[in-house]
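Listed in order, the protein sequences are those of chains B and Y. Residue numbering for the first sequence follows our numbering, starting at 33 and increasing by one per position. Residue numbering for the second sequence follows our numbering, starting at -11 and increasing by one per position.
None of these hints come from the bench; they were simulated from the model. From a predicted model like this one, the values you see are computed outputs, not experimental measurements. All residues carry an ideal CB built from backbone N, CA and C; glycine is no exception. Don't take every hint at face value.
[Claimed, not checked] A partial selection of chain B residues facing chain Y, derived with a Cβ cut-off under 7 Å:
#, residue
1, Tyr229
2, Val232
3, Pro381
4, Tyr403
[Claimed, not checked] Taking lysine-lysine pairs in the DSS-like style, the calculated list, with each CA pair at most 27 Å apart, reads:
#, chain 1, residue 1, chain 2, residue 2
5, Y, Lys97, B, Lys404
6, Y, Lys79, B, Lys404
7, Y, Lys466, B, Lys405
8, B, Lys384, Y, Lys79
9, Y, Lys441, Y, Lys454
10, Y, Lys451, Y, Lys397
11, Y, Lys75, B, Lys404
12, B, Lys405, Y, Lys79
13, Y, Lys377, B, Lys362
14, Y, Lys441, Y, Lys466
15, Y, Lys441, B, Lys405
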Amino acid sequence: MTTLTETVESIRAGQTTATQTIQACLERIEKNDGHLHAFVSVDSKRALARAELIDNALKAGKPVGPLAGAAVAVKDNLCTDFAATTCASRMLAEYRPPYNAHVVECLERAGAIVLGKTNLDEFAMGSSTENSGIGVTCNPWQPDHVPGGSSGGSAVAVAAGMVPAALGSDTGGSIRQPASFCGLVGLKPTYGRVSRYGLVAFASSLDQVGPFTRTAADAALMLEAIAGYDGRDSTCADQGVPRYAEKLGRSLEGVRIGLPAEYFGEGLHETVRASIDEATKVLVDLGAKLVEISLPHTSYAIACYYLIATAEASSNLARYDGIHYGHRSKNAQDIMELSASSRGEALGPEVKRRIMLGTYALSSGYYDAYYKKASQVRTLIAQDFAQAFEKVDAILSPVTPTTAFAIGEKTDDPLAMYLADIYTISANLAGICAVSVPCGFDPAGLPIGYQLMGAAFQEETVLAIAHQYQQHSDFHRRVPPL
Amino acid sequence: MSALKRSMTEPGITFRTIIGLEVHVQLRTKTKLFCGCLLEFAALPNSLTCPVCLGLPGALPVMNREAVRLAIRLGKALNCTIADFAKWDRKSYYYPDLPKNYQISQYDKPLCQEGWLDVPGEDGVGRVGIQRAHLEEDAGKNIHDTPGCTLVDLNRTGTPLLEIVTRPDLTSADQAYAFCTELQKLATYLSVSEGSMQKGQMRFEPNVNLAIVRDGIEYRTPISEIKNLNSFKAVRAAIEYETRRQLQDWMADNSYLFGERPHENRGWNDGRQVTELQRSKEQAHDYRYFPDPDLVSVEVGRNAALQGELNRPIDELPVARCLRFQAEYGLSANDAETILAERATADLFERAVEAGAPPKVAAKQFVNVWSKLANEYRRSIAELGIEAKRIGALAKMVEQNTVSASAAKTVAAAMLDSTDGPDFLAEQLGLIQVVDEEELAKWVDAAIAANEKAVQTILTNPKKAKASEGFLRGQVMKISSGKADPGRAGELIAKRVAGLKDQED
C-alpha cells in the first residue's frame, strides 16, 4: 500500500493523476467498507470534481499544494460545510455545519481532497468505536475485534488502504490507541499546536486534532499542513511551524530516551512488553541512550482525567437541546421537557454517563473535592513530565496494556474500558505531544505499538525518532488480510 | 418616604430600607464580546449572528479586548481594584435564548472589585460601596408575540455587559434613583456605554429588605430581588412599592422575616405599579461555575492597550469636574452639566479656554450655539470636529464685541464647512460689528422713526418701557443685518429717547 508521501510524489511526477488516485481509493472503500464500516459518509462526486481541478492545475503547470491530489478522511466530529457532521450521534444525524473546521480548510488548501467522514464513538467518548450511534467499526486485521477508539473510523480507513492519511481527535488517547490497534502511526500534537476551531468539543482543555498515517514521514507532512496559529482559537499557540519533514533525518546518536517505571508495571500484557523491548533495542542500536525515569503521579491520572474530561463534556454538550438544531423530541409539553426529552432520546448511554459524572463533579458542594482537586493533580502530572524532560529527549512507553479486544468484550464494563487508557491520558493532561508507532504483532496477528512522548512543541523530536525506527523496521509495511 | 413612614407605621415602630443594586451596563464596543458580529439595535432578527454566538458545535469564543478596556476604564472610575487577569467562567443553566446553555461570565475573579461611587443627594453626597463589576455576555431574546409559539432572536447574544454589584448601602428609593442616573452619566461621560435606556443598554435589579425596630428590637424582612428594571422611574417606583409591601406583610404576619422565609425574586408590573412574585431563590439553579477551558486568561499588564488603560491617571469624574467648572470658570450649574454630558466635549471646552476663550462666553456658546449644531448633525459637540483654537477665537470675538452673539451663530455654522478662522469668516459674511458711531446712529434713528408706537410706550408706560427698549434694539440689529453692537445700540436708543422726552418737556 502506498504512503501519503509516495502518493503525492507520484501525482506530482505525473506517474498517476489525482483522479486515478481518488478512483482507486473509492474502489477500496467500495470493496471493504461494507463490512468494516470506517466511513459515516463518502462524497465521491465532490472528491472527483476536486481531483479534476488539481489535475488541470498540474497539467497547466500551475502551483499546487504539498498534499495535492491525496485523498484524506476526517473524523466526523470535524465540521464540514459540504457534508453532515454527525459526531456519530443521533442528536446530530442530519446536522450540516455552515462552516469548515480550521484543519479541513488547511488540508484542502494544501491540495488534499477530503473523501469522506469517518466513524467514531459518539462525541469521541469511548475507546472502541462501539459507542457509535451509526454502527460498530471493525478492525481490518481481525474483523471481530475493535479498531480502538474513539477515532476508530479514521484508523481503519488508513489501515485498510482506503486513504493514505486521515485526521482524528485525541482527548485521552483517541488517536494513539486506535493507531496502535490498527498498526499505524498516530500523532497527538501538543495542546495548542493545532487549532480546535471546528472540532466539536468533547473536553476542550484536552482535545487535539492529529493525523493517522503509515509512516512518521507522512505524519510530518500532515502536521505541517494543519499546525499553526489560528486567531479563532484562543488556546492555539502563536508559534512558528517547523518543516517537520525536513528534520526527520536527524541521527539518534546520544538521544536520551526515558523509560518510566510506572508504565511497565502490573497489567501490561507480556506480548506487548516483549515487542516494546525489541523496539528499544533497535533504538539503542541506532545510538539512543536509555534512561530509567519516574513519573510519580501516574497512578492518579485516570481519576484526574475522568473528572476533568467529564466536567468539561457536561458543559460542552449542554447545547444539544433540540432547540436551535439537532434532534428535537416530539414528546414534550413544555420547554424544559423539550430539552430533557430531546437529550434523553438522542444521546447514547456512554455520553449520558459522562454528562452525569461531569455534572456531579461540578455541582455546588462537590466542585472543590472533584474538579478543583483534579485540576491540582493535573498540575502535578504536568510537573512530573517537565522534570523528566530535563533529563531525557523523549519518553517511551506502551500505548495500551493489550492488543485490540474483541467486539463486545468490554461494553458491559465501562471501568475496564476506562482503564485501557492508562498510558495515553497523561500526555493530554500534561498538554505534551505523543506518537504511537507500530512495533509488532501478537500471536493472533493483531498489531502492537509503542508510544513516544515529547515535551511541548517537540513534535520534530518524536517524529524523527519514529522515522529512524521505521527505517529499521517493517511492521508498518504489512497489510491486513482483506 | 417620610409620608409613607407616617401613614403606615404604628407608634413605636420605625424602619429603614436596605437596598443593594445589580446593574447591567452594555459596553460601547463595535462587536460582540466573543465574536466579530456587529452590535446594532433593532436589526433584522438573527441577522447579526455567526457560528460563535449561535453556539454551533465546534465554534470557539475569542475575547474582545476593547470590552475589557472599557470595563477597566469604568472600574477605575468606580475606584475599584483591577484584577491582574481577565479570567472567564461558565455559568450553566438551560434556557432557549442561551444557545450554549451556559453563559460566559466572570465568577471568582471579577475584573473590578471593591470600589465606590459618590452620589449627590438632599443630605449631601452619599458614598455607595461597589462590591464587584464583572464582564459577561448577554443572552438572546425570546419573543412571545406569535400565538402558539416562541421565537428566539439571537442578535443580542454575546453583547458585552458589565455587571456592577453594589454593597447594600442605599437607604431610599430616591437614593437608588440618584445612583442609577449618576452611573449612567458616568458611563456615558467616559464613553464606556451609550447608556441608552430605550435600547435597553442599562438594566437594574434592586435587592430590597427592611430593618424594622419595635420596642428596641430589630426585625429584618426577607430580601426580594426585583428583576430586570429598565428605567430609572421603575427603579424608584418598584423600591417604594416593595418598601410598602414588605412593611405591610410584616405587620400582617410577624414571622415574615429574613431567615424564616425564602429570598424572593419579584418582577415589576409597570401597568399595575406593583411587584409580583416569581420563582423563589431556594429553587434557584446550581450554576455549576467552572473556568471556561476555551478561553485563556489574559494578563492585563501584558497587553499594551489594556495596560495603557490601567496606567492612565484616574479621570476627574463628572461630579467633581462640574463643581470645578462652576468655581473656576464661574459657569452656572446647568451650563456646566450640559458641557459635561460627554467627556470629549468637556475636554474640548477646557482646551478652548486654554486657547484663550473667555470661559463664560464659551460656555454660553457651547450650550446655545454648538449644541444646537451638534443636534442637527446628530453628533456630540466634540464629534463636530472643530478645533479648540477656532472655538476659542469665536468666543473671544463675542467677548470683544467684534461680532454679536446672534451673528456668532451664523459664523459657527460657517465654521463647520470651512477650515478658516472665525474672524475671516465673519469678515466674509459681513458680520463684523460696526463700532462706527455715525453708522450706528443712522440705524438707531431709522429704528426710532419706524416705530413711533414703541417710543411712545417707553415715554408713557414705565412698566413696559424695558420690553420696548429691547424691541427697538432688535430692530436695530435687524436693520444692520446683525452688524450693530447690541450693547452700544441699547445705550444710544436710551439716549435718543431721553432726548425726545426732554423735547416734550
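Status of each hint after checking the structure:
Evaluation of the tyrosine 229 (chain B) hint against chain Y yields a held restraint, the C-beta minimum of about 5 Å falling below 7 Å. Because the smallest distance between the Cβ of valine 232 (chain B) and any Cβ of chain Y comes to about 4 Å, under 7 Å, the interface hint for this residue holds. Checking proline 381 (chain B) against chain Y: minimum C-beta separation of about 21 Å lies over 7 Å; hint violated. Checking tyrosine 403 (chain B) against chain Y by beta carbon gives a least distance of about 6 Å; that is within 7 Å, so the hint holds.
At most 27 Å may separate the alpha-carbon atoms for a hinted pair to count; lysine 97 (chain Y) and lysine 404 (chain B) meet this at roughly 15 Å. Among the hinted pairs, lysine 79 (chain Y) with lysine 404 (chain B) is consistent with the structure: their alpha-carbon atoms are about 16 Å apart, no more than 27 Å. Between lysine 466 (chain Y) and lysine 405 (chain B) the CA atoms are separated by roughly 85 Å; this puts the pair beyond 27 Å, and the hint is violated. Distance check on the hinted pair: lysine 384 (chain B) and lysine 79 (chain Y) sit about 20 Å apart at the alpha-carbon level, within 27 Å; holds.
For the hint linking lysine 441 (chain Y) to lysine 454 (chain Y), the alpha-carbon distance of about 14 Å falls within 27 Å, and the restraint holds. This hinted pair does not check out: lysine 451 (chain Y) and lysine 397 (chain Y) have alpha carbons roughly 32 Å apart, beyond 27 Å. As the CA atoms of lysine 75 (chain Y) and lysine 404 (chain B) are separated by approximately 16 Å, the hinted pair is consistent with the 27 Å bound. Of the pairs offered as hints, the one joining lysine 405 (chain B) and lysine 79 (chain Y) holds, with about 20 Å between alpha carbons and a cut-off of 27 Å not exceeded.
Note on lysine 377 (chain Y) and lysine 362 (chain B): the hinted pairing is violated, with a Cα-Cα distance of about 70 Å set against a maximum of 27 Å. A distance of roughly 18 Å separates the Cα atoms of lysine 441 (chain Y) and lysine 466 (chain Y); the hinted pair therefore holds under the 27 Å criterion. With a CA separation close to 95 Å, the supplied pair lysine 441 (chain Y) and lysine 405 (chain B) exceeds the 27 Å bound.
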